[in-house]
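Line by line, the protein sequences give chains A and B.
For the first sequence, position 38 (counting from the first letter as 1) is numbered 38 according to this note's numbering, and the numbering increases by one without interruption.
For the second sequence, position 59 (counting from the first letter as 1) is numbered 59 according to this note's numbering, and the numbering increases by one without interruption.
Watch out, some of these pointers could steer you wrong.
[Unchecked claim] Subject to a maximum C-alpha distance of 30 Å in a straight line, what follows is the list of computed DSS-like cross-link-like pairs (lysine-lysine):
#1 A:K31 - B:K27
#2 A:K39 - A:K73
#3 A:K31 - B:K53
#4 A:K39 - B:K53
#5 A:K39 - B:K49
#6 B:K53 - A:K48
Since the hints were derived computationally from the structure, they do not count as laboratory data.
These are the residues of each chain, in order.
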Amino acid sequence: MIINMLKTSHQLVHISHQEKQKAMVSEMVGKITNVCWDKCITSTPGSKFSSSESTCLTNCAQRYVDMSVLIMKRFQSMQ
Amino acid sequence: MDSFSPSSTSSNGLSGQSTEALMDQVKSQLAQAYAEEFLETVRSKCFAKCITKPGTSLSGSESSCISRCVDRYVEATGIISRTLFSSPR
Numbered sequence: 001m002i003i004n005m006l007k008t009s010h011q012l013v014h015i016s017h018q019e020k021q022k023a024m025v026s027e028m029v030g031k032i033t034n035v036c037w038d039k040c041i042t043s044t045p046g047s048k049f050s051s052s053e054s055t056c057l058t059n060c061a062q063r064y065v066d067m068s069v070l071i072m073k074r075f076q077s078m079q
Numbered sequence: 001m002d003s004f005s006p007s008s009t010s011s012n013g014l015s016g017q018s019t020e021a022l023m024d025q026v027k028s029q030l031a032q033a034y035a036e037e038f039l040e041t042v043r044s045k046c047f048a049k050c051i052t053k054p055g056t057s058l059s060g061s062e063s064s065c066i067s068r069c070v071d072r073y074v075e076a077t078g079i080i081s082r083t084l085f086s087s088p089r
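With the rest of the complex left out, here is chain A (with noise of 0.2 Å):
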């Protein structure tokens, strides 16, 4: 992951809260769309998004951060 390269290098400037936090989103959201994008868009790209399409998309990215919630809690209730 891009923020990692930040998290090991030492020589770099230290980098605002605020900035770390925008690339974390950019993570999230590239991530998210990569998956999502395999789970929802099954047949040859249109010139619209099918509402099942939208709906999928939107419903998915909503399930896997419920899921990303749930494994945390899941992993430390093992700790």
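Given chain A, put chain B in place with the hints provided.
Here is chain B on its own, set in the frame of chain A:
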């Protein structure tokens, strides 16, 4: 590729440039890195969707598929960005 090209280097490796100039450089390199990553993703997705049997040149339907694919992928990015970051649940 030299990232910072310092004109003078102090003992901690940072250049004589102002902190602000360095920050701008970092922000611009971050933006560039994300743009390159985004383009690579789009290439990969659209090749998978649109070029099913590579021929000796890009057909008209392959070209229009690719154009639509780029538009849709950008649109999908917007949908997901708004879903997660502008309507708190």
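To see whether the hints hold, each was checked on the structure:
no.: 1; hint: A:K31 - B:K27; in the structure: holds, 20 Å
no.: 2; hint: A:K39 - A:K73; in the structure: holds, 25 Å
no.: 3; hint: A:K31 - B:K53; in the structure: holds, 28 Å
no.: 4; hint: A:K39 - B:K53; in the structure: holds, 22 Å
no.: 5; hint: A:K39 - B:K49; in the structure: holds, 13 Å
no.: 6; hint: B:K53 - A:K48; in the structure: holds, 24 Å
Of the numbered hints stated above, none is contradicted by the structure.
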